[in-house]
Amino acid sequence: MTINIGGIAYTSEWMQYQLLEALFNAPETKGRFALSWIAGAETSLQGAEKRILEEVIEKSKELKETIGTDKEWRVKNTTQEARNILTLLDRLNNGVMNGAANNAVKYVQMNRRGSDLPLHAYDEVDAVAVFTPNAMHLNYVEDALRLGKHVLCEKPLVVVTDSYGKADRRKLDRLVELNEMRGKNGTIVIDAEHYSYKVPSKIFFDNIEEMVAKYGQITRVNGSLEEKDNPEKDRTKKLLCRENQTGLVLDTGVHILSLITGIGGTFGDITSAAYGMFPGYDVETSAHIKLYASGAFFRENAGVTLSLGKFIDHYRQQKTEETKNLEFVFEKDGNETTVVVDYKKGTVSDSTGTTWDGHHKYNTIEYVNILNELYECIAEKRKPRTGISNSIAILDAIYRMYKKFPVEQHIDGGVYK
86 MTINIGGIAY
96 TSEWMQYQLL
106 EALFNAPETK
116 GRFALSWIAG
126 AETSLQGAEK
136 RILEEVIEKS
146 KELKETIGTD
156 KEWRVKNTTQ
166 EARNILTLLD
176 RLNNGVMNGA
186 ANNAVKYVQM
196 NRRGSDLPLH
206 AYDEVDAVAV
216 FTPNAMHLNY
226 VEDALRLGKH
236 VLCEKPLVVV
246 TDSYGKADRR
256 KLDRLVELNE
266 MRGKNGTIVI
276 DAEHYSYKVP
286 SKIFFDNIEE
296 MVAKYGQITR
306 VNGSLEEKDN
316 PEKDRTKKLL
326 CRENQTGLVL
336 DTGVHILSLI
346 TGIGGTFGDI
356 TSAAYGMFPG
366 YDVETSAHIK
376 LYASGAFFRE
386 NAGVTLSLGK
396 FIDHYRQQKT
406 EETKNLEFVF
416 EKDGNETTVV
426 VDYKKGTVSD
436 STGTTWDGHH
446 KYNTIEYVNI
456 LNELYECIAE
466 KRKPRTGISN
476 SIAILDAIYR
486 MYKKFPVEQH
496 IDGGVYK
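Position one of the sequence shown corresponds to residue 86 (my numbering), numbered consecutively onward.
A portion of the hints provided could be inaccurate.
As the list claims (entries may be wrong) - Pairwise CB distance ranges (calculated): (1) L148 - N420: 50 to 58 Å; (2) G233 - F109: 33 to 41 Å; (3) Q302 - D442: 31 to 39 Å; (4) Q131 - T440: 50 to 58 Å; (5) F109 - E312: 28 to 36 Å; (6) K430 - D398: 13 to 21 Å; (7) L148 - K430: 26 to 34 Å; (8) S436 - E312: 22 to 30 Å; (9) K149 - T439: 43 to 51 Å; (10) T439 - K115: 41 to 49 Å; (11) N178 - L232: 41 to 49 Å; (12) E317 - N178: 37 to 45 Å; (13) G365 - E465: 45 to 53 Å; (14) R255 - K430: 20 to 28 Å.
FYI, nobody ran anything at the bench for these hints, they're computed from the structure. We put the beta carbon where it would ideally sit given N, CA and C, even for glycine.
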């Protein structure tokens, strides 16, 4: 079975770096997917081709300015993005020159509002991959589901915002409606929460039943995502501002919470939340959250602690390294065992000295793993680990947190102005 897929918003860096890489170059997805078309705002194929060339030129400038600097780690990503969109340009031309030639890709124009596609585009595909800005996501998801198409949604559905960039609880109601629609027509919607598809996460998911059988139920979870970042980056400044109301918990906390819902966890009461702000921002850039989780693998009301931070290299007097890990504490017969999912090291290990393996089964490009999950869910008619139901649970927990502990009343050591 080959799944024909359409890609919406080809200018997204995540599409260029991750999705196109997974479709064009990963042997694991070969024969499983075929890119039928890409969609953009340009009114013609020629306009799209010009935009692609402009993107390549910009990436060349970025490479020139990056090599030999402390940002040189970006070289691999930028080179890969440029290579993939040049391959896309070649396949678009192949479609014009040779019609239905092998690997040919068509171009589809979005409408002026950028919120839907011509109906004939959906006739040519089995699934769509949505890479638009947040505010447009749910429109495309709804159109695809209404027409019986499967969906891969790039940004976590939980951070979908309205046309003003504001995340509000009305999105939760719409997600519930879309989930009911999905249930009726049997379509698959996979929320591409990429941390859930990193290799350590996949290994953890594969072994959770054995861990519970061996070590008992989960009694506590400690999650830490503390990152260095550029506080002047436009995207970050736009996201972490009061106008958007999407601070750090919606930006990065979803990664920790998705690991919990990915093993069937649900969220109970939020018991505390304290926020910090980096100068120049008016929504949290650090956060410490405590709440409860339950589920088949959890002891009832297992404690969950989240420690989140951005720009730690800027605001901490004592410099510390980034932390990106989750600790799951299991208990059996009074004995505790801690399993650590460490994204910096790329490992899953426990306090008994056991290292859980499985790296050979998965790709370090998360979208290879995401596409394979989508394929297998469609073939086996099963729900993905990161489906709409998971997004609803996470969104509900985060909005309950913000309602119970408003940012402006719970700034740790600062005043909300």
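Here is what the structure says about each hint:
no.: 1; hint: L148 - N420: 50 to 58 Å; in the structure: 53 Å, holds
no.: 2; hint: G233 - F109: 33 to 41 Å; in the structure: 27 Å, violated
no.: 3; hint: Q302 - D442: 31 to 39 Å; in the structure: 24 Å, violated
no.: 4; hint: Q131 - T440: 50 to 58 Å; in the structure: 54 Å, holds
no.: 5; hint: F109 - E312: 28 to 36 Å; in the structure: 29 Å, holds
no.: 6; hint: K430 - D398: 13 to 21 Å; in the structure: 20 Å, holds
no.: 7; hint: L148 - K430: 26 to 34 Å; in the structure: 29 Å, holds
no.: 8; hint: S436 - E312: 22 to 30 Å; in the structure: 26 Å, holds
no.: 9; hint: K149 - T439: 43 to 51 Å; in the structure: 47 Å, holds
no.: 10; hint: T439 - K115: 41 to 49 Å; in the structure: 34 Å, violated
no.: 11; hint: N178 - L232: 41 to 49 Å; in the structure: 29 Å, violated
no.: 12; hint: E317 - N178: 37 to 45 Å; in the structure: 38 Å, holds
no.: 13; hint: G365 - E465: 45 to 53 Å; in the structure: 48 Å, holds
no.: 14; hint: R255 - K430: 20 to 28 Å; in the structure: 40 Å, violated
In this structure, the earlier hints numbered 2, 3, 10, 11 and 14 are contradicted, and the remaining ones agree with it.
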